[in-house]
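2 protein chains.
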Amino acid sequence: MTSQTVNLAEKLSLFSERWSPKIVADFNGHDVMVVKVLGEFNWHSHPDTDDFFLVLKGRLRIRLRDGDVTLGPGELYVVPKGVEHCPVAEEETHILLIEPAGVPNTGDPATAAAKNRI
Amino acid sequence: MTSQTVNLAEKLSLFSERWSPKIVADFNGHDVMVVKVLGEFNWHSHPDTDDFFLVLKGRLRIRLRDGDVTLGPGELYVVPKGVEHCPVAEEETHILLIEPAGVPNTGDPATAAAKNRI
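Line by line, the protein sequences are chains X and U.
Note that UniProt numbering gives residue 44 to position 44 of the first sequence, counting from 1, and the numbers run on in steps of one.
Note that UniProt numbering gives residue 97 to position 97 of the second sequence, counting from 1, and the numbers run on in steps of one.
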């Protein structure tokens, strides 16, 4: 197995579409991804996996049923499995995400974005 | 299960010792940790787990038997399981690490640093 150095800013410069996670590395059966977001996503949950968010740029609000959390650059939050959440960004925000390979980003394969590798 | 927002710089401000990973979050059976390093670690490998490094500050060289990789801020590298590596930092460097809970950082429980939660 080979591995490569990943520069997150460089990877983020390669695309402009939002809510479309790009796989940049593999780690213990997980996809390490970068994504650009703006606006509101949908309420969803992942029954079998925690959801890891690390903000690289901008500001992310994660709406939760019992209150919101807000993340700036260098701040991370893990949404525990089964917990409903809805990410919202009022400015373009860049995030590092880690999820088990194959997990749909919306919690539902029917509505999930394709995760392409860059 | 509860979860908290983690500000990485704030967590890093809470300690000064080096080569002593601090757990800041849990994620799918993994420890998410911050660590400060300076100098050379030891050659080791993890037979059953990939090793995730994301540099937050400074510069990390990861010596590998077939060549080195060097990471600056915002750069990540996954050392595949079983691959011998030796981290080296010529200036104090801050890193985000992710490893399965309970994995010894040296690859050997006898020499591993305790991983405390902060």
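Please keep in mind that the hints were generated in silico from the structure rather than gathered at the bench.
Note that beta-carbon positions come from the ideal geometry of N, C-alpha and C, so glycine has one too.
Incorrect hints may have been included.
[Unchecked claim] Covered, in the sense of this in silico footprint (three residues per stretch, anywhere, with C-beta under 8 angstroms from a C-beta of chain U), are these stretches of chain X:
# : stretch
1 : 7–15
2 : 20–29
3 : 73–79
4 : 110–118
[To be verified] Each computed BS3-like pair below joins lysine-lysine, with the alpha-carbon atoms no more than 25 angstroms apart:
#  : chain 1 : residue 1 : chain 2 : residue 2
5  : U       : K11       : X       : K57
6  : X       : K57       : X       : K115
7  : X       : K115      : U       : K81
8  : U       : K57       : X       : K81
9  : U       : K57       : U       : K11
10 : X       : K11       : X       : K115
11 : U       : K57       : X       : K57
12 : X       : K115      : X       : K81
13 : U       : K115      : X       : K11
14 : U       : K115      : U       : K57
15 : U       : K11       : U       : K115
To see whether the hints hold, each was checked on the structure:
Judged by the Cβ-Cβ criterion of 8 angstroms, the stretch 7–15 of chain X is covered by chain U as claimed, because 3 of its residues qualify and three suffice. Remark: the stretch 20–29 of chain X is confirmed as covered by chain U, as 5 of its residues place a Cβ nearer than 8 angstroms to a Cβ of that chain, reaching the required three. Given as covered by chain U, the stretch 73–79 of chain X passes the check, having 6 residues with a CB less than 8 angstroms from a CB of that chain where 3 are the minimum. A stretch counts as covered by a chain when three or more of its residues have a beta carbon under 8 angstroms from one of that chain; for the stretch 110–118 of chain X and chain U the count is 0, and the coverage is violated.
Between K11 of chain U and K57 of chain X the alpha-carbon distance is near 19 angstroms, which keeps this suggested pair within the 25 angstroms criterion. Between K57 of chain X and K115 of chain X the CA atoms are separated by roughly 21 angstroms; this keeps the pair inside 25 angstroms, and the hint holds. For the given pair, K115 of chain X sits about 24 angstroms from K81 of chain U by alpha-carbon distance, which is consistent with the 25 angstroms threshold. Of the pairs offered as hints, the one joining K57 of chain U and K81 of chain X is violated, with about 30 angstroms between alpha carbons and a cut-off of 25 angstroms exceeded.
With a C-alpha separation of about 13 angstroms, the suggested pair K57 of chain U and K11 of chain U falls inside the 25 angstroms cut-off, and the hint holds. Between K11 of chain X and K115 of chain X, the direct Cα distance comes to roughly 14 angstroms. Compliance with the 25 angstroms bound is thereby established for this hinted pair. With a CA separation close to 16 angstroms, the supplied pair K57 of chain U and K57 of chain X stays within the 25 angstroms bound. Proposed proximity of K115 of chain X and K81 of chain X is supported: the alpha carbons are some 20 angstroms apart, at most 25 angstroms.
For the hint pairing K115 of chain U with K11 of chain X, the CA-to-CA distance comes to about 31 angstroms; that exceeds 25 angstroms, so the pair is violated. Simply put, K115 of chain U and K57 of chain U have alpha-carbon atoms about 21 angstroms apart, close enough for the 25 angstroms limit, and the pair holds. Pair hint K11 of chain U plus K115 of chain U holds up; C-alpha atoms about 14 angstroms apart against a cutoff of 25 angstroms.
Checked against the numbered hints listed earlier, the structure breaks hints 4, 8 and 13; every other hint is satisfied.
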